[in-house]
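Protein chains in written order, with my numbering: chain A, 1 to 109; chain B, 1 to 876.
Heads up, none of these hints are tricks.
Straight-line distance between alpha carbons at most 30 Å, and here's what the computed DSSO-like set of lysine-lysine pairs gives:
(1) B:Lys719 - B:Lys244
(2) B:Lys244 - B:Lys536
(3) A:Lys90 - A:Lys18
(4) A:Lys87 - A:Lys18
(5) B:Lys536 - B:Lys722
(6) A:Lys18 - B:Lys57
(7) B:Lys34 - A:Lys18
(8) B:Lys57 - A:Lys83
(9) A:Lys83 - A:Lys18
What the simulated footprint calls covered on chain A by chain B, stretch by stretch (three residues with Cβ under 8 Å from a Cβ of chain B suffice, anywhere in the stretch; the number is not a length):
(10) 19–31
(11) 46–57
(12) 66–76
Bear in mind the hints are in silico, worked out from the structure with no lab data behind them. Yeah, the Cβ is synthetic: ideal placement off N, Cα and C, and Gly gets one too.
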Amino acid sequence: MPDKTEILQGTLDLMVLKTLDSMGPLHGYGIAQRIQQISQELLYLNQGTLYPALLRLEQRGWIASEWGTSENNRRARYYSITKAGQKQLKKEVEDWQAQVAIMTRLLEA
Amino acid sequence: MSRLWNLFRKTKLDRQLDEEFQFHVDMLTEQYLKRGLTREQAEREARREFGAVEAAKDAYRDQRGWPWLEDWVLDLRHAVRLLLRYPGFSVVAVITMAQGIGANSAVFSMVNAAFLRQVPYPNAARLVDIVRDARGQLSPPYHNSRRYLYFKERARTLEEVAASRGGGTLNLIRNGEAEPVTALRVSANFFRTLGIEPSLGRSFRQEEESPQGTAVAILSYSLWQQRFGGDPGILGQAIDLDGKPFTAVGVMPPHFIAIPRADVWIPLRPRPVNDGRNTLVFGLLRSGGSRGEASREVAQLIGSYRQDFPGEYREFAANESAAVAPFGIEQRFSSRPLWVLFGAVGLILLIACSNLANLLVARATGRLREIATRAALGAGRGRIVRQLLAESLLISVLGCVLGLVLASWTIPALVRMSPVPLADWSPVRVDWVVVTFTTALAVLTGMVFGLFPALQVARLDLNDCMKASGTTSTPKRATGRLRRVIVAGEVALSLVLMIGAGLLIRTFAGLVRTPLGVDPAGVLAGRMSLQSERYKTTAQTAQLFHRGLDRFRQHPEVEAAAIASDLPLERGMNLVAWIPGTPDAGEPRLTDWRYVSPDYFSLLRIPLLAGRLFTEADGPQAAPVVLINQQFVKQYFGKENPIGRVIHVMQHTPEPDRPRVVVGVVGDVKSNEFKQAAKATVFVPFEQARDGYLRFGGGVHWLVRSRGAGNGLVAFMQKEMKAIDPLLPFVSFQTLEEVRERGIHSDRSIMILLASFAALAVLLAAVGIYGVISYLVAQRTSEIGIRIALGASRPRIVRSIVMEGIGLAGAGIVLGIAGALLLTRFLQSFVFGVKTTDPLTFALAASFLLAIATIACLAPALRIARLDPMRALRAE
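Looking at chain A on its own, in the form it has when it is part of the complex:
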């Protein structure tokens, strides 16, 4: 198994927002799967830590949740991105890109 990268603090929020933005409503398991999949298993995600992040995002009004039925017919909580969440996502993506640009320039200099 290759070395997995720990998730940088604060980036989990961004990942969740981006996932919900592109995938539509998902339950916690679905979000975790998606993040693992995209990172091609290079990311070490302690999936339990996803939930405090989801609650935090919900408290800020960036995502909303409601109980629904899963593909295998079980009750599951589905999360979806809100308008405010989309705005926040846009801002965070810009911030992130700015940061990456700075870091890149610094490292290449």
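We have chain A; now place chain B onto it with these hints.
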């Protein structure tokens, strides 16, 4: 405690969380099953990938906002444990706070009753008194009838302008029995303005206000029940008030509380004349109208009134105008002494809080290492402050509960000796306003005085604390300084209270010694109302007086009997007089006018200073004579000889009085206000009173001086009077001692209350000094042990410790004197015969406090001096 908490733990949110987590883990398990793992392996892998479930839940709960609450509960539990661990400390702390808070709660309940409650009328919020206003200096809402009518006709901002005037005591005659009842003359719109109508019958009609209207009356519910058996048939019937028939038209509801108290209401019937300031005028704001708007209008009206009636101008105080004030201003005026008491208990609370803060600093200091350890283990500074705060809050809240209990115990005593008249519609009790105030006070003081030491501790360098060993360390000295400052502050506050109490004690001592001008011992006074048609003329009344006095003198114990229109030590009738022959003879002179029988002066032991007293010869046919008092001479005659001079009253009325000749000068007698000089008084023999003038005011007083204990004298007088006129009962009896007592009651009460508060303050301050010195001594135990071992003499050690305490007290005393110089000015109106900066009071209070401080330090000092040096060193 924790189990109780668990009950609330399993919430719906938690169950949902469980479900959500379970779903996630199940999905993961399924995924591993699909990859071909056994169920056991799949479950293990799933759990691994999800991570620690409980940790995730904790993190989730943290996010959800529980820890905040949980921490508080933890802090509270911690605080409770600490309190239980140090019961001695806790009891002292809670009792200290309970005293401080209880005193405030009790006095506040009086303030609440006197100032914060609205009168119990539906229109209370819109009711206003129309007061006289001299540049912000408000006077009670009394005006003459002409002014009342002027306001009533013109005021647009007021929906109603109503008025009342004391109707004195009338005798209700029924079945040959007479019973005195209190009457109030009211305008036709009086009840409508208050918002309360009779529950039976109706209120007065406008036409009943006119002098030609039929005589009508409205009864109070209790009078109707007691005297008429609650018979509704009374409506339309005539009731007999002192021989005059009044048709009963209404009965007020039982819950109606009359202000001022009355049993029967009769129409006011105002005439547009200047009949003296004795009509109480109030109004009802238009709905939506403001007091400011109404004030502007009445001020404007008084301006135009002045122009319309320039003759009345002299009666106006300089710059006098009018304004409106919330209804019941008289009650609030007379309750003003309460603010002094409220200020005093405020200082006590400060002292109590200082003690609490001091105890907390001491405790926190003692726990510095524990706190440092917590900080080192990662407790945030905020968390540490919060923990200390929980402790002080717990103490102050417990103190609050106990304080409320103390308050409700003290209230009856406080009411009994209240220095202010309490309104019977507003009982002094612990109601929700008082509870709210007290709780807010407790929480606030707990926060502020807990935060103070908590921040102090949190600011310390914890590294130092960890390094410091034993009981002597740098940071402690820092908090030691704080404690000293607090104690000095306490001493200062209690000195301020002591000086205040001292000033009032000296005032009262002076007041008791002040010559009243009469000898009240053994004098009994019975009051009666002479409103009856049978006593319209002076001749009729004089005959009654002669017959009564003759009969009273028959009693073996009666040394003398006399008549007085007003009691000594109470106010007389205000009349304006002119004195011909003086430089400004045209100036009206205010006099205190009294009708008396010739024996009045000898009975009361009032000395004759010049001329002669009245004799039986000064009868109705003789030349009118008067006696004046010394004050009158001083005020209006100066150095001239007053004997033979003339005094003229009611000069500008349609029927001017005859000039009356001064035949003698008598000694001064205090009027109702003992702190003021006697008023310029004129005595007139009752036989020379003008018709009708003997029935004025509160009626007439029969005075008897008895040689013995005066037992049975009341019954004797009642029996004799009944024989003369069965329909003329006495309204009340009192001894002159009681009248005198009433005159000093308020001063005595304030003095006793303030002295008790000062005693409490000194006690608390002494506890504070004792605490801080004990603590400082304990800190220096090893040092002192070494000094003793090295041969320091014990008296020297005791001296050095006591000096430390005296230094503290001294600093506090200097501060306290400065504070007292600033604050005692608020006692100006209470102090008499002594300046508010009286050096003797200041010196006595300061030395007393110094003595108490010395005693408080002596105990720990002596204890340490007996110390065994070996033990002290081993303690290190």
